[in-house]
Amino acid sequence: MRVRITTTAAVGALLLLTGCGAADMTKQASPFANAQGAKTVTLSVQSWVGAQANVAVAQYLLEHELGYRVDTVQIDEVPAWDALSQGRVDAILEDWGHPDQEQRYVQDKKTIVNGGGLGVTGHIGWYVPTYFAKQHPDVTDWKNLNKYADQLRTPESGGKGQLMDGSPSYVTNDKALVENLNLDYQVVFAGSEAAQITQIKQFAKEQKPFLTYWYAPQWLFKKVPMTEVKLPAYKEGCDADPEKVACAYPHTPLQKYLNADFAKDGGEAAALLKQFKWTTEDQNEVSLMIADQKLTPEEAAKRWVDSHESTWRSWLS
Amino acid sequence: MATVTAAASRAVIPGILKVAAGRKLLVLALAAAILVPLAHTRWASGTWPTALTVDLTTPLTDTSTWIIDNRDSHPLFLYFLGHVSNAVVLAVRVVYLLLLAAGWAGTTAFAALFAWRVAGARLALGAAAAFLTCGALGMWVPTMQTLALMVVAVLASVVVGALLGLAAGLSGRMDRALRPVLDTMQVLPAFAYLLPVVLIFGIGVPAAVLATVVYAAPPMARLTALGLRGADKEVLEAVDSLGATARQRLLTARIPLARKELLLGVNQTIMMALSMAVIASVIGAGGLGDRVYQALASVDVGAALAAGIPIVLLAVVLDRVTAAAGDGTERTGRAGWAYALVAAPAVAVAGRLMGRLDWPDTWVLNIAEPVNRAVDWMTAHLYSGVPVVGGTAEWAGRFTTWVLDPVRDGLQWLPWWAVLLVVAALAWLIGTWRTALTATLAMVAIGVLGVWEPSLDTLSQVLAAVAVTLVLGIATGVAAARSDRVDRALRPVLDIFQTMPQFVYLIPVVALFGVGRAPAVAAAVVYALPAVVRITAQGLRQVDPAALESARSLGATPAQQLWQVQLPLARRSLLLAVNQGVVLVLAVVIIGGLVGGGALGYDVVFGLAQGDLATGLVAGAAIVCLGLMLDRVTQPTDRRTKKGA
Amino acid sequence: MSTPVFSVEGLWKVFGPKADRIPTDPELSALPPADLRARTGCTAAVRDVSFGVRKGEVFVVMGLSGSGKSTLVRCLTRLIEPTSGTIAIDGEDVRAMDKSRLRELRRHRAAMVFQHFGLLPHRTVLDNVAYGLEIQGVGKSERRERAAEVVAKVGLEGMEQRRPSQLSGGQRQRVGLARALAVDPEVLLFDEPFSALDPLIRRDMQEEVVRLHREEGRTMVFITHDLSEALKLGDRIALMRDGEVVQLGTPEQIVGSPADDYVREFVRDVPREQVMTVRTAMRPASAEEAGNGPAVAPTATVSEAIEAVARAGAPARVMDSGRCLGVVDANALLDVVAGATGLAVDTDRLGGAIPTAAGTSEELV
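Chains as they are written, first to last, in full-length UniProt numbering: chain S, 1 to 317; chain L, 1 to 645; chain Y, 1 to 365.
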């Protein structure tokens, strides 16, 4: 008898706690948001340093100029769209183009809005270190790559040359490209950008040749100068069928996306994030401070903010 | 003539049949003789025949799309899962706000006073030092976020686990139904839990908490059931003989008698929840794990360590405090508790009045830089060109070429039915026909899922890593068992490696071994080594001293003692070490995907990163099957019976 | 004679698959244990046992391990559910009791003391002793008060706040005894209570039981595998083998006229002169003898009589309230010691006993 009363009480309490009726979990903020009366903005950080640089500067300005508390969460690109749609993060500051997601969330569900361009143009390609390209200038054309397969061999790639790919979250057609261009190469996935960068640095230290999937803007170019290998030119739609791709990657103007509710009610923070726009050089400067000089993102952002007031003043209108 | 041969064969066959192993192999050989030609004529291929695979891509993708599209409208989500999600968010938020409201001084005081009451003054100092270190590393807020998540996840796990354990402890049928499930969950890598939860709840704290609960509740359930079932029969009989009702029997005898196991369960749950809270940063759990994960992205070992140290400290403090509570050395006397209960809020209020709620920025130590310099120095000097021994990169290359490649190619060259036969034979020889059946079915499932090749690739890495782990681990374990000094020196190192989030050592591993399968193996070895060392050392130390003494009195040299007495007598521990080694190595396979391990690990990471649940779930399921198979193949038969006690 | 406290008729306990059919099947029930196991996979721990326990007596069930004695005592309060047969306590059918009635029986009428004590390790001595009362719903202060009295009675004063783990084996069993006594049961059941104890402590505890029995006269059923313990404590002894009672009688009957070779072998080394009474060796007195010589009581042991005869150098008279029942002389006494004399009265295997034993137990009531 007593058991039944306890159970009833517990169920009742649970219902009271959660509120009866429907609960839409897609409209649910992070439990860490808005603690202690502070206004909080949650930003998604992707795993590459450029994205960290954007977030670091935005965070610094939000905290020091506008008095927000900023939470950052590292989420991979595609899941970040889902999280953005649910409001668990408020903004993505650098998106490399995800047409499927855009269709679903921006056009259909209208839970995400475009926040304007970042001002940076992204480009993916295949790169060899410049010291190697100088010795063998013809390596920069894909047609000659097979000649160098031998030199680019590693234990991991077996009998073929190694084309190193990075994080699984990045857009890549490399397996199809190797196949369709009849290259004597094996795609080896580093599995994460951290692993890829570490490996590139190790190769560079020994002046060894390597071929890697890489992208610009990227701070690593400053440390390890790399030259792009020309692939068959990109034409609109040549990458439509992922199995049959045989052309280079496009140049993508990077975009910002905001949660729809945040864009509407986010006040100064939303306004700042919409205005946020800088150049490739700016981003690289901050990235380099974070990744190479190992400054904390906050410290790096502070240095950039201190020396580029004219740039960010205009975002605070 | 004919009679002679007949007589001879009759003599031989029973000879074989007498040995159980021989009989089992004979049965298998017969089955194979019938089935293999059939299978071979029908699907003649070395790798798993495509005719026998089921492509799950379309249904899984459809499911995933359906869930995303209906998450904000379907009643299942609105009226059930939504509430679950809300409750989790609310609970975590309440705890988090409480922790923040207490401020750093209040929280530290509370932790220290609690540790003092439960475990004594030394641990109280340790707890206080640990919390202050978290602050000094600039990790106060992330630590509190992780703590809030942990508190909720642990409470939920303990409640769920205890209820399940209660059911299994009181009902034999429930126990039989639950035990295989819990046994299986025990061997699953933490990553395998992430995908299904993300599919339903999306990225974020609710998914992280629920994944943690699913991961951390089974040990609680197991131990609760074990405690309830292991209670002294005579005590229960005595309770019955005094005319206790079922309820009185449960409350006054069975549960108090299981106290030790219950507290051990809480301890295990906390440890597992902590390790999961870090891994769950991949799905947006935030907190310390996220800091480690972010530091990884900028190849910043120092920053990763700064976030990793608080995790280690939390783990050590929580482990010691709950373990001390389980020892039953609790202090009685209400005065102490009352004092603690008054002092903690007092400190919190004092901190509040002084306006010192947030950790002061000026008190933050920057350890990242020196650590990075040390790591750079290490990699710069060890990577290559070291005289005589060669650099780590060369080792990695040779390991890949001479060990990993042959094993992988060998496995993939074997016809699929041969692999199944080998697995069945091994599992049967070591266990029972049941284990053999489970192991074989697990392998079949891998084939049917259509990931035969990558699974064998992963298997080759696991085998290589296990071999290295066992050689190193048993050698170190022997050293630790023979010398107290080595043991003492090793203990903190093992503690650290066991609790340090695996993300932290990914970068050093890549810096030393390059990208590929070799660093994945290295990461697995680092992760699995402590457990193997511990179990080996413990097993050797527990060898009956009388046996050792008699060997010594017969004039055995230390080497003879080791080989002829200690190792054979510690056989059971060594088998357990193998089993644990296998399970732990497999748990890191997915992490290995982050450093170029490829195969299944990469697929899971890919699935998580791209939201491609078809790839991720299938690879995750294949890892689960591999885990089941490996566990069964390395599981000594009597483990089961011992657990049943 | 009043109704026995416990009366057991045709009791069976069979473990194994389809145990129910064994007692009713005349063919199966007659099988020896090994054959029964081979044929049915069942083990009969208790086979067709009948006896009565009289009020105030110490009834000992003795047998080697595996003889079914512990199962038997558990069947009395249905801690183990019997397979067939009847058990009655004060005439009430135990097997017909429903749950709450059975609980009532266990709470108030029969309490048990266990071989390995069965104490609750997380409770103090006092709370362990009070546990039975707590189960009954007695209030805290009252049950503690009553428990404290019992603790004193078993000689554990000053140890009330200790935990079982801080006590010696003998002290733990005192706690077990106190817990059983605290509920003031009609019958105390002992399941080999002292076999886990050291010999010296065992003797202390046996004397404790004798003392308690003398003071309170409570009915006791005592299980043991130790013959000397059985002889020392028992008013009557049921000797079990393979689940069956082989002989039931007073210690004197068991030692003096073993029912079969098994029992004979069992009691072979018993110092007979200390168990047998002078009645065994008595012969009718001649008129001359009836007037002279040392006097001994009919319950005196042979060894006591030997002492008296040796001192006087003449046969001793067996005197019962001033009446001479007969005399014992040196030769007759020595015959007893040598084992030449059996008990004159035939033993009744099931429950019957010679008047002496009955008389003794009635005196005790």
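For the record, the hints were derived by calculation from the structure and aren't laboratory data.
Misleading hints may appear alongside valid ones.
As the list claims (entries may be wrong) - Straight-line C-alpha distance at most 30 Å; calculated DSS-like pairs for lysine-lysine: (1) Y:Lys153 x L:Lys233; (2) L:Lys233 x Y:Lys99; (3) Y:Lys99 x L:Lys24.
Unchecked claim - Listing some non-contacts, in silico: residues in chain L with all C-beta distances to chain Y over 12 Å: (4) Leu38; (5) Phe114; (6) Asp232; (7) Val239; (8) Thr245; (9) Thr252; (10) Ile255; (11) Leu257; (12) Arg259; (13) Val444; (14) Leu554.
Cβ atoms here follow ideal geometry from the backbone N, Cα and C, with glycine treated the same way.
Exercise for review: Over 12 Å to the closest beta carbon of chain Y is the bar; see if Thr252 of chain L clears it.
Suggested key: At roughly 7 Å from the nearest Cβ of chain Y, Thr252 of chain L sits no farther out than 12 Å, so the non-interface label is violated.
Point to revise | Non-interface claim for Thr245 of chain L, where every Cβ of chain Y lies beyond 12 Å | key: violated (7 Å)
**Study point:** Exclusion check [Leu554 of chain L not at the chain Y interface, CB over 12 Å]
**Key:** holds (35 Å)
**Study point:** Whether Val239 of chain L stays farther than 12 Å from all C-beta atoms of chain Y, as the label says
**Key:** Given a closest Cβ separation of 8 Å, the condition is violated.
Check your understanding: Per the stated criterion, does the least C-beta distance between Arg259 of chain L and chain Y lie above 12 Å, as a non-interface residue requires?
Key -> violated (7 Å)
Check your understanding: Looking at Leu257 of chain L again, its CB stays over 12 Å from all of chain Y?
Key -> violated (7 Å)
Point to revise | Nearest-CB test (12 Å) between chain Y and Ile255 of chain L | key: violated (10 Å)
Review point. Holds or violated: Lys99 of chain Y with Lys24 of chain L, Cα cutoff 30 Å?
Key: Given pair Lys99 of chain Y, Lys24 of chain L is violated - Cα atoms ~50 Å apart, limit 30 Å.
Check your understanding: Taking the closest pair, is the beta carbon of Phe114 of chain L still more than 12 Å from chain Y?
Key -> holds (22 Å)
**Study point:** 30 Å limit on alpha-carbon distance, applied to hinted pair Lys153 of chain Y and Lys233 of chain L
**Key:** Holds - the C-alpha atoms of Lys233 of chain L and Lys153 of chain Y are around 28 Å apart, at most 30 Å.
**Study point:** Nearest-CB test (12 Å) between chain Y and Leu38 of chain L
**Key:** holds (40 Å)
**Study point:** Minimum Cβ distance from Asp232 of chain L to chain Y greater than 12 Å, as the annotation requires
**Key:** violated (7 Å)
Checked against the numbered hints above, the structure violates hints 3, 6, 7, 8, 9, 10, 11, 12; every other hint is satisfied.
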